[in-house]
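Required output: the full structure, derived from the provided sequences and hints.
Chains as they are written, first to last, in the working numbering: chain A, 1339 to 1469; chain B, 1339 to 1469; chain C, 1339 to 1469; chain D, 1339 to 1469; chain E, 1339 to 1469; chain F, 1339 to 1469.
A hint or two may mislead.
Any copy, or any two copies together, can satisfy a pair, since identical chains are not distinguished.
[Claimed, not checked] Okay, derived cross-link-like pairs now, SDA-like style, lysine to any residue, Cα gap no bigger than 20 Å in a straight line:
1) K1355 - N1379
2) K1392 - P1381
3) K1355 - N1372
4) K1382 - P1437
5) K1382 - K1392
6) K1382 - R1461
7) K1355 - D1438
8) K1382 - A1400
9) K1392 - M1439
10) K1382 - G1399
11) K1433 - G1399
12) K1433 - A1341
13) K1433 - D1469
14) K1382 - M1439
15) K1433 - A1400
16) K1433 - P1403
17) K1382 - P1403
18) K1382 - E1393
19) K1382 - V1394
20) K1433 - L1404
21) K1366 - K1433
22) K1382 - D1398
23) K1382 - D1402
24) K1392 - D1438
25) K1433 - D1402
26) K1433 - M1361
The set of hints was computed from the structure by calculation and includes no laboratory data.
The chain contents come next:
There are 6 protein chains.
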Amino acid sequence: MTAPSAIEYDAASPEVKKVYDDMRAIRKTDHINNIWKFLANDPKLLRRTWESVKEVMAPDGAIDPLTKEMLYLAISVSNSCGYCIATHSAAAESKGMTPDMFGELMAIVGMANETNRLVSGYRVPIDAIYD
Amino acid sequence: MTAPSAIEYDAASPEVKKVYDDMRAIRKTDHINNIWKFLANDPKLLRRTWESVKEVMAPDGAIDPLTKEMLYLAISVSNSCGYCIATHSAAAESKGMTPDMFGELMAIVGMANETNRLVSGYRVPIDAIYD
Amino acid sequence: MTAPSAIEYDAASPEVKKVYDDMRAIRKTDHINNIWKFLANDPKLLRRTWESVKEVMAPDGAIDPLTKEMLYLAISVSNSCGYCIATHSAAAESKGMTPDMFGELMAIVGMANETNRLVSGYRVPIDAIYD
Amino acid sequence: MTAPSAIEYDAASPEVKKVYDDMRAIRKTDHINNIWKFLANDPKLLRRTWESVKEVMAPDGAIDPLTKEMLYLAISVSNSCGYCIATHSAAAESKGMTPDMFGELMAIVGMANETNRLVSGYRVPIDAIYD
Amino acid sequence: MTAPSAIEYDAASPEVKKVYDDMRAIRKTDHINNIWKFLANDPKLLRRTWESVKEVMAPDGAIDPLTKEMLYLAISVSNSCGYCIATHSAAAESKGMTPDMFGELMAIVGMANETNRLVSGYRVPIDAIYD
Amino acid sequence: MTAPSAIEYDAASPEVKKVYDDMRAIRKTDHINNIWKFLANDPKLLRRTWESVKEVMAPDGAIDPLTKEMLYLAISVSNSCGYCIATHSAAAESKGMTPDMFGELMAIVGMANETNRLVSGYRVPIDAIYD
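Right, here's the structure in full:
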């Protein structure tokens, strides 16, 4: 397969343009991230993913927007997704993540990945008080 | 190998007891989680892991203790570590995580795991503005 | 270690050439993918891996060749293996995968990675009817 | 946190019942899988996940329903999600997966996980013809 | 699908019995591990996997048998495969792994999982001298 | 977030310089790997990670230094960490890993990733003798 390519706004179908327009309005920027331009190769996947992300990351939830971005970033680091690390680092920074907070987030991601394996290898059973 | 077993306080060496005592003082509870009782099979690993966790999860950092626990929990869910999910859910709850917050955390962990793969499969290049 | 390098046909040992010849005959193309040229650094690993792939992907199995390639591609996407995504996308396309099918495959890979984590985090027990 | 528990139909809110009813109609069975009863702890997560799964796994797509189930199962095996393996094995079997097909699926999941790592370790660059 | 079940020696086909016999001769024990009894549901998968494991773990290689078992165990811990941890711990122990060695192995598995993520999150480029 | 950048020796704080100096003394080389220059953005993370790596990889343990490096490399390959593969391949080679040993290590990493999934998909229970 030729590698998928980005669908730019001007070349997009009305169905895709509608998603791009909503994104621009919600995010208050004309820039559309590459992920959306590639998902646009499958308009249903684009729409569904955007609707889900919009709902999950909505600012009126029980978790504040900065913490939400940091959780998204932490998973992306744990999965070694370079693209996701770049974009969610930027998003978290724009919502207030400082370099010190990033360092602590990284320390937790690293430590959790370490202790998750220690638990497996030592076959640690769940304490009765947590079960 | 026979499966490793827990080292209880009374059977522990002075080196291990010292870690257990510090844990009880810091955590203000007599209960010692199973993970530590199993790591105690290797006193150096026990001490080093405890010192690191204590420093990483310290309450005086740039990230507040509840958010730290939620980050730890999110990674543990992403890695499907049953033991870690049980203990860090309890810890996060004790620091203020509500069921609504847990639901939103889960939604982010799920969504990030989904979009991390969409990015790989569509081979999405990093936008120039993030590089 | 200097990074491993490709073993081209002309520089290959008779043992490696024999595998390359078999590949060319089976795949009906002179092109040998880079993965094989790198595995050729260990001729036994090359031979064993090729014999296994040939048997697993054989066209006379219970699963048709296109579906086999799509399964291989799906795992490669889930594991974020860039090389594997490029080569197995091409192979699947050559066997009939359309862009619409690729989009649906991606949607399933994403969704499975999401729900696999939801199950872990909510600690969902197996329904009695499936056990 | 006490472990989450299942929300049974009779104890469910109208919002949750609506999803359960849709599920029963679409799936033509009264049985509701445990995953949904646990996600019901967060009605928005339940609804969004169900709507997405319903759309992704719809029978009128470019990929046939059996292949879709096998792709879902393959990812679940690769991620070692016991619950997901049990439920998607059953679903694939009900759509026509035979034991021979399951064996071949497993062989591909295993082989892909193997070769994905061989590619990483040998640092194999993408062939120019696939880039 | 009903969960797969073990194929015991007496109920096995001649093709499967041949593999079991080879195993017993090579491993010098009548016990056949459950993994083989389950793979026997697909005799080709059983034979191919056994032949590969036998070749990979052969005692006459460049890496000694104990180190080979410890590498296998380390990956199994990193992947949190409970069955594999139990069997490869036993195999490594039978070849000379002491509890101290197991503790150090665990420390390395944990540390590598931690630093692998630190590298991703900090987007560390490869030093020119290693490229 | 602008991508993190390397902290060179001359621009480093006294706290960071102290770690760099210790590294140079222990490793008997002036070269400081990029990972440390990036972790130096968070001096506490740098110091803690270095102290842990130094202790875990110490030459006087129960496992010899070459085997330790090969275990670290195996996990890095399994996690597809390109940077880690490059640096730990070089470190293992400098301690005596030959190309034949690398090939066998790779074969084990691949095989373990394969059989770990076979075990999950076939839902293999632990043999009573290992439990």
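Now the hints, each set against the structure:
1. K1355 - N1379: Close inside one copy (12 Å), not across copies (35 Å); limit 20 Å.
2. K1392 - P1381: both (16 Å within a copy, 17 Å between copies)
3. K1355 - N1372: Within one copy only: 14 Å inside, 38 Å across.
4. K1382 - P1437: Between copies, since 13 Å is at most 20 Å while 37 Å is not.
5. K1382 - K1392: Both ways: K1382 and K1392 sit 15 Å apart in one copy and 13 Å across, limit 20 Å.
6. K1382 - R1461: between (43 Å within a copy, 18 Å between copies)
7. K1355 - D1438: between (39 Å within a copy, 19 Å between copies)
8. K1382 - A1400: between (29 Å within a copy, 13 Å between copies)
9. K1392 - M1439: Intra 24 Å, inter 17 Å, cutoff 20 Å: inter-copy only.
10. K1382 - G1399: between (26 Å within a copy, 11 Å between copies)
11. K1433 - G1399: both (15 Å within a copy, 18 Å between copies)
12. K1433 - A1341: Cα proximity of K1433 and A1341: across copies only (16 Å, versus 33 Å in one copy).
13. K1433 - D1469: Answer is between: at 19 Å across copies they meet the 20 Å cutoff, but 37 Å inside does not.
14. K1382 - M1439: between (36 Å within a copy, 12 Å between copies)
15. K1433 - A1400: both (16 Å within a copy, 15 Å between copies)
16. K1433 - P1403: For K1433 and P1403, both the intra-copy (7 Å) and inter-copy (19 Å) Cα distances are at most 20 Å.
17. K1382 - P1403: Between copies only: 18 Å across chains, 26 Å inside a chain, cut-off 20 Å.
18. K1382 - E1393: both (17 Å within a copy, 9 Å between copies)
19. K1382 - V1394: both (18 Å within a copy, 9 Å between copies)
20. K1433 - L1404: So K1433 and L1404 pass the 20 Å test inside a copy (5 Å) and across (18 Å) alike.
21. K1366 - K1433: within (14 Å within a copy, 35 Å between copies)
22. K1382 - D1398: between (26 Å within a copy, 14 Å between copies)
23. K1382 - D1402: between (29 Å within a copy, 17 Å between copies)
24. K1392 - D1438: Only across copies: K1392 and D1438 sit 17 Å apart there, 28 Å inside one copy, limit 20 Å.
25. K1433 - D1402: Both: 10 Å inside a chain and 16 Å across chains, each within 20 Å.
26. K1433 - M1361: Within one copy, since 18 Å is at most 20 Å while 35 Å is not.
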